[in-house]
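Please take these sequences and the hints and turn them into a complete structure.
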Amino acid sequence: MTALLRIRGVSKSFGAVAAVRDVSFDLYAGEAHALVGENGAGKSTIVKMLAGVHRPDSGALELSGTPLALGGPADAKAAGIAVIYQEPTLFPDLSVAENIAMGRQPLGRFNTIDRAAMVSQAARLFTRLGVSIDPNRPARGLSIADQQLVEIAKALSADARVVVMDEPTAALTGVEVERLFAVARSLRDGGAALLFISHRFEEITALCQRVTIMRDGRHMSTDLLADTSVDEMVRRMVGRDLDALFPKQDVVPGATVLKIDGLTRDPVFHDISFEVRAGEIVALAGLVGSGRSEVVQSIFGVDPRDAGTVEVAGKSLKPGKPKHAMAAGVALVPEDRRQQGLLMELSIERNVTLPRSRSLSQLGFLTGSRERRSAQEWTERLKTKYGRLSDEVGTLSGGNQQKVVLAKWLATKPKVLIVDEPTRGIDVGTKAEVHRLMSSLAAEGVAVLMVSSELPEVLGMADRVLVMREGRLVTELSRSEATEEAVMFAATGQEATV
Amino acid sequence: GGTTKSSTEGQNTAAPQSTAGQANPNAPLKEGLKIAYLPKQLNNPYTDVEVGGGKVAVDEIKGAYKLVGPNDASASSQVSYINTLIQQQQDVIAVAANDPNAVCPSLNQARKAGIKVITFDSDASKTCRDAFINQATTQGIGESLVKMASELAGGEGEIAVLSATPNATNQNSWIEVMKTELAKPANSKLKLVKIAYGNDEDQKSFTEAQGLLQSYPNLKVIVSPTTVGIAAASRYVSASSYKGKVAITGLGLPNQMRQYVKDGTVKKFALWNPADIGYLAAYAGAAMSSGQITGAQGEKFTAGKLGEYTIGADGEIVLGPPTEFTAENIDKFNF
Amino acid sequence: MTAVELPAPKRSSLDVVLRARELGIVLALVLLVAVTTISNPRFLSGQSIRDILLNTAILAVLAVGQAVVVITRNIDLSVGSVLGLSAFTVGTLLQNYPGIPVVFALLVGAGVGAACGVLNGVLVRYGNVPALVVTLGTLYVIRGVTYFWAGGSQINADELPPSFLNFGTADIPWLVILAVVVLVVTAVVLRSYRTGRELYAMGSSPQAAQLAGIPVGRRTIGAFVVSGGLAGLAGVLFAARFGTIDAAAGTGMELNVVAAVVVGGVAVFGGSGTVWGAALGALLLTTIGSALAVLEINQFWQQAIVGGLILLAIGADRLVAVRVAAGLKKRGSHVG
Amino acid sequence: MSAEQLTETRIGRLANWNVAIIAITAVVLVIAAASVNSFGTAQNFGFLVLDLLPIALVALPMTLVIVTGEIDLSVASTLGLSSAVMGYLWNANQPIETIIPVCLLLGAVLGAINGFFVTVLGLPSLAVTIGTLALYRGLAFVVLGDGAVADFPAVYTDWVTGTIAGTPIPNVLIVLVVLAVIFGVILHATPIGRAVFAVGASEQAARFAGIRPGRLKFWLYVASGTIAGLAGVLWTLRYSSARADNGAGLELAVVAAVLLGGVSIFGGKGALPGVIAGVVLLGSLQNALRLSDVSNEALNVVTGVLLIASVLGPNLIRRRT
Ligand SMILES: Nc1ncnc2c1ncn2[C@@H]1O[C@H](COP(=O)(O)OP(=O)(O)OP(=O)(O)O)[C@@H](O)[C@H]1O
Ligand SMILES: Nc1ncnc2c1ncn2[C@@H]1O[C@H](COP(=O)(O)OP(=O)(O)OP(=O)(O)O)[C@@H](O)[C@H]1O
Ligand SMILES: [Mg+2]
Ligand SMILES: [Mg+2]
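Chains as they are written, first to last, in the numbering used here: chain A, 23 to 520; chain B, 18 to 352; chain C, 31 to 366; chain D, 2 to 322.
For the record, the hints were derived by calculation from the structure and aren't laboratory data.
Careful: at least some of the hints might be erroneous.
[To be verified] Computed cross-link-like contacts, DSS-like style, restricted to lysine-lysine with a CA-CA straight-line distance of at most 30 Å:
hint : chain 1 : residue 1 : chain 2 : residue 2
1    : A       : K405      : D       : K270
2    : B       : K221      : B       : K260
3    : B       : K164      : B       : K285
4    : A       : K435      : A       : K345
5    : B       : K51       : B       : K317
6    : B       : K262      : B       : K164
7    : B       : K221      : B       : K285
8    : B       : K164      : B       : K201
9    : B       : K47       : B       : K22
10   : A       : K337      : D       : K270
11   : D       : K270      : A       : K407
12   : A       : K343      : D       : K270
Written as structure tokens, this is what we have:
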């Protein structure tokens, strides 16, 4: 195998933050190369340098032995580097086909765009990925998973020599991940170099040959996966041995805190009823698009509901009023932190204290000092890495952003904590922390409702597992009944094929 | 209870009579008087001719001429300029008011500060200025507009008015006179069908003229007592199929109208010489500032080449009758 | 894995929405014309239609340029001032050199406007200043410069060469023809060329456009140059049509233009809408103005009615959009 | 984070455009007072305050509206309609003590109409308020037509143009200062203010934090309309003239002042002291230049250049560091 792309001693700083420091490694043609590291280790920054979004402060890139200077994303594209970014980057107003073809639209007479060819090209790509998305529909309104799939199709359409994927699977479930991997393997075997970033080790071992580990912006090691173990990788990533990943304590459940009865919202979900008791962690599992997020958003009141009741500690919540839910002690950590969880342009401080601005005020006024103190306390508790409390949240790494969202809601001292994909895009170390946190909250008597697409997390954390399929609650499994097969069977309605 | 219009009637007219004192008709005209012109709006050809005449007069009497003004013909901007002129301690402010009342408090402040206020072209409320240069009597203009319209229409038919802004004082008072004239039996066959407003904007006047002709197929005459309006209406008609069928008349500048008079779109229109208005305003202001006159009825003063003027009722000084322009005489005028 | 059926190439729902939008304006237009004509048949006379189209031409050219900018999620408030500057420049030029051919005058006007567009574009792009701020600023600056230059002088019809005035008022409606050409060319570029689609992409998501390697800077400046250039062109048309030019020409026009674009269904947040819509919006607004004059509706009501109609237009547009969005939600994807 | 870091944060937060614009304004005031004849007089101070009063008043709620990411271009028309209705009612022999509250109420209703279109129907505010800009101005003409109504009671007009007895401080300055403090405190030191910023930064995320963006914006529009109604009343009394075209074109000056004050047109960022400084800067520059016989044209150019420079300057500085 030859080095197709060489990364040589690149560094990149943002103001005082040295995001990447003197990192070197090679990508070979025909390999899938994993890049792992804690949140904020600098992975996405490397990706953005390869994409031409950031220019390295020092160091250089080499493609097939010739130096590669990228002035912008267009240069990277031209050099045959395709990138799937951590956050989907679609044009909501344009059709899916156009999103995929942007900049490379097939041309017809007089150099005009050949729309028919463009649409059939998109359709072919979706066939290859095994999904059915209407190429003619606008990208607006696609679920996160579908958006991610369009991103993948976009990268595939480029026929790139180097394909970089920054956590492409974070929003996908097993079946879709398998499809993606099948395609990735065929790309790889066709001679492309793949750089694959994920926080899920099972995916890395399933796809990759070599792994590069980063910590605090530095390159730690590059090894053949065959020569290393998951424990070893984790140790290098976090610099210490890790505690148990799913530290679920056994708690004797208390009184019913959250009671959902006949919750319906056409056409997304129908007749959902369940209860969560104090000290319990209940997982809501299902395939992407089965309607779980919609259910919890409706419980919290950000989405309306057509029928049904929600009771917290015996008091019923008005529909469509998150403030009511918050006052009753419900907190929702939403699935999409960029759109729903955070105010990206506001400071960490404002984000952490936003839901409590009323309770932090004195006589209705806020002077800032109480907010600052509280924000500091909670970000410290969650071990959030940042420069200053006044920094914009948008400059934090994905994982640290997630911690800010958690801090924001844990600080409200909820009776019912609803978490939607709480560890999406979070590194193993933080993940363990988040799990420990959930577990200890449950031990303190908080009722936890967790939506998760990660089966190990569901199985490891939940006292009970509720499974949804196509907007209906199909099964309830106790901790002992909940196995991977049982959950998948319920979620898909057929024997698991994965 | 409460303060209503009727409960305050008559209370507001008490204005400071800062001009108290005796007139001395033989006092010499002071030199070096600071005379400032504040027209309705800068950069308007008619205004330029007016203040141009003012500049000539100020130079003759060796004063300091100044021209300030808004670009937007609004009363509120004029107030800011009056305030500035007060700060700059001018001797005379010659102002064409965009609103007779809105400028009043400021003008009175100016008069308290010893500045003589002469209005021209468009009067302010008479409680807040010392004299008004009236280009022609309102009655005279209204009558002459109706006379021209009647001649052009052959004594009967539909006529329409294309005015400036809906609240232009002078326009409205002329239109009032026109209505009274039209009510007379002699003009009973003339029918005023519409008053349109071009806001003294060229484009708006153009479009309004167009609208008039569409709405009133039998229209015989458009009377536009504003230079902007008459020019725009003439231009529209001269290039449209209405040429020769509809007559245009009103008040216009000979230079702007020459083309349309020559191509037959316009048979006749009228105007006083605007330069003389500015000229007269300067002399009136200077005479007042020098103590020759106080603004009381019957006082006399000499206004350079224009000769002697007598102050009429309410401090009005009438310039003289308007001139009618036709294809025969238009080439004798250049303004 | 079962093969996914290739969807038959059909009209995208996006197109359907846009079509519906423009259809709505056309319907409103037809209704308006019908009502007005019933009350005064002269409204449909040749002269009247000519007048409306000639007046629309100027607004439509401006609206097409504005639409291009708005599609990229920007706005150009300076068009009224640019129109004034261009009209005065061309007027002065023709005053001094009456022999200049009309085509040259058009080019000069467009050139002056394009230069203003470059200024706007560069400030937006390299100064990183929001377009609303930049163009609000240049609205003042360019108008100020024109006043400086023009002072009180006014260029009258009799000082302009007859050939030029003829261009504005001749039997062949050159203004309308020119506007239609501008409209068609812009529409085709926006719909069927990569550059055009990139403008939509930028408006739809600026970050994504950057990441997709679209030369955002060049395209932004390009959009402003188009808008400026068309505003300059409109200035020449203005001069030819109205014959009288002073420093105030086109004052306050920006709000009309934005209104036309908005009524025409171009989303103010970029990414959607067509220049057809914008031009129809211009036609509708102009026709409303003329119709109200003909319908003998009190002059004082005119502005109020225009305002009400703008609200009605965007409200109706919204209803259509909501319905379509609801339709889309039901069409999620499923792993095949 | 240590105490040292805390103060550093505070300095960091202050060392922004807000402080810069206040400093620039102070410098301009000092230079103008020193170099322009009679700029510093008490009488001129009074004129200055009266001139910038309507812009300053309307800019207060406008700041909050723009921080939420919306805009209200109808304010000047609301002012005009309020003025027209005031004249109409005065002519109809209504007591002024009734008319003034009615005009404020009218402003609130007009604001609520904007709010309804923007929040309930979810239409873009730029488009909506361009529509109501035309609608309200048109209605003002419908109400008052060509007429101008004058002769408002001297007690009221004198109060508006007068000063606090024995001082050169204009009476209306009290109104302005009180309202500025109220709006400033609301924006910067209450949960409502936090919500305003949150909605501007991301409406969806704000909703997930229990804020109701629609309701908030609705009330901001009501506030904007009410203040514009008040500005209409004060305008009418100042000039003692109620007219349908009062305040025409003021909306752009207000937006310019707010943006000059460092408020981001995209929402989420801005501060009220900066806006006040922006209004004062524009007003005093115009006043000083006019006193120095600089033409109107130059004022236009200065306004435009300042506006662009206010955003461009900080951007360029940031890029260099
Ligand atoms: N545009 C930026 N401005 C300032 N700081 C930045 C910027 N982008 C990244 N950083 C900082 O650089 C560091 C590395 O971030 P990066 O996004 O590369 O991490 P990552 O390894 O991808 O983490 P995650 O797994 O959470 O996605 C972080 O500390 C982050 O806060
Ligand atoms: N923003 C959106 N616009 C339109 N439809 C959506 C949107 N989000 C989700 N949907 C659709 O609503 C249904 C339920 O989606 P939901 O996000 O609740 O599922 P989920 O089980 O939580 O999956 P995920 O793991 O993606 O969150 C799906 O059909 C999905 O396609
Ligand atoms: Mg990352
Ligand atoms: Mg979900």
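- [ ] Starting from the hint list further up, note which numbers the structure goes against and sort them upward.
- [x] Numbers 9 and 10, in rising order.
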